[in-house]
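Could you use the hints to bring the two separately framed chains together as a complex?
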Amino acid sequence: MEATIIALEPILLAGLSFYGDPFNASDVWTEENQIGQLWQRFMKYLKHHQNELDETFQHGPFYEVHLYGPETESEGLFEVFVGSRIPGIEELPYHLMAKRLPSTQYAVFTLSGKEIVGDWEQEILAWLDQNGYRESYPFNFQYYDARYKGLDSVDDSEIDVYLPIEAT
Amino acid sequence: MDPQTERILAALGYIEQHLCEPIMVSDIARAAGYSLFHFIRTFNKIVRHTPYDYLMRRRPWRVSLRRMRALPEPLAGCSG
Chain F
1 MEATIIALEP ILLAGLSFYG DPFNASDVWT EENQIGQLWQ RFMKYLKHHQ NELDETFQHG
61 PFYEVHLYGP ETESEGLFEV FVGSRIPGIE ELPYHLMAKR LPSTQYAVFT LSGKEIVGDW
121 EQEILAWLDQ NGYRESYPFN FQYYDARYKG LDSVDDSEID VYLPIEAT
Chain G
1001 MDPQTERILA ALGYIEQHLC EPIMVSDIAR AAGYSLFHFI RTFNKIVRHT PYDYLMRRRP
1061 WRVSLRRMRA LPEPLAGCSG
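Each protein sequence line maps, in turn, to chains F and G. Using my numbering, the first residue of the first sequence is number 1, and each one after it goes up by one. Using my numbering, the first residue of the second sequence is number 1001, and each one after it goes up by one.
One side only, chain F facing chain G, incomplete, derived with CB under 10 Å:
hint	residue
1	72
2	74
3	120
4	124
5	125
The set of hints was computed from the structure by calculation and includes no laboratory data. None of these values were measured; they are calculated from a predicted model. Note that beta-carbon positions come from the ideal geometry of N, C-alpha and C, so glycine has one too.
Just chain G, with the same shape it has in the complex (with noise of 0.2 Å):
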């Protein structure tokens, strides 16, 4: 495997992980190893979708609810 699609598995291992809690792209793009410019561009030539369209495809519906919500709850666990 080449290593830009290694470091893109381990971008979308690092959003698998953490779904619950409020991520930013530049986070993903800390975890894969690149800025965020060079991340966003190979993100996108790989995966064919933008980072965080796929993060909030990814992120489960009650997560995203609560975000458009404003509501203060926590994130952690995904619970409710």
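Looking at chain F on its own, in the form it has when it is part of the complex (with noise of 0.2 Å):
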């Protein structure tokens, strides 16, 4: 697994969260489970509202941002924010929350077809301990663009995930 090392200025995005166990009782790889279920419910809320909305903002890119504390070792729960970039907090429409992710460098690895739906956190944990790095903060994101096709097409498909890293 090849990555690209860049920096980053804060990402603000707006979009809609979900906190737990996202698999829970429901099919893994669909669109029924709760993270599938957060996307449906974010593009929908960009359909019914696309003449309010910027171009930008409603066609993406798209981030779907993990986010880990304290019980998510112990338990297994976590964050999951699904949204969309916004230039500013008073772009924020009322309906949703923000998320700003700090500056930081981050790993940029790209994933394409079956790897998406593999283990590519393992992948990436064992390339950080490889290269000298360790995770600068507890997250990480997805970035889909128009690379990705859905997870009907998922062997076409590429998106980017990014970890934020430090040296150890």
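Here's what the structure looks like:
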């Protein structure tokens, strides 16, 4: 697995959030799990408010952020946030929540086809160990642009995974 | 048996061996050889319970009671 190292300024997102075990009592790689339902809610919001929203916000790229906390290791609970970029907090639509990702260095991995539904997190963490890095914040995000064709066409899709890092 | 099921069986075995210890879901994921995220996804798919819910259901009630009351007794052995 190859990575590109980049530094990014803070990223301000507007979107929707879920906290818990997103795969509880659902088929795991279908759109019926909690992450899939969160995307459906967000996309429905974009459709219903298309006349009020900025083009870039509506059409992406889109972000899926996984945020880990004290209950993640012990109970497997974490936050999933899906959303799109906004230029400033004053642009936050009142139905949505904001998430501001800090300025930091990221390792960026491109996943193709079946890699998207595989255990990429394990491979990424191994890559960090082997290359003298550790996570600088307890979150990562998946970046979805035109290269992603949907779960039904995952073989023809690509996404990028961003992991905040610092040197060990 | 497919490798995914084998790994989840290893996780279930780990839970049975450590029922009386204060193990975390991340410990069980490591025993299965998965990252935490992928483990939660795979465990739910095969067992139809969240890993934490399964652990709580399998854990003897006395251990759970001690945890609820935050009693400082050791968990090993599950006695008393």
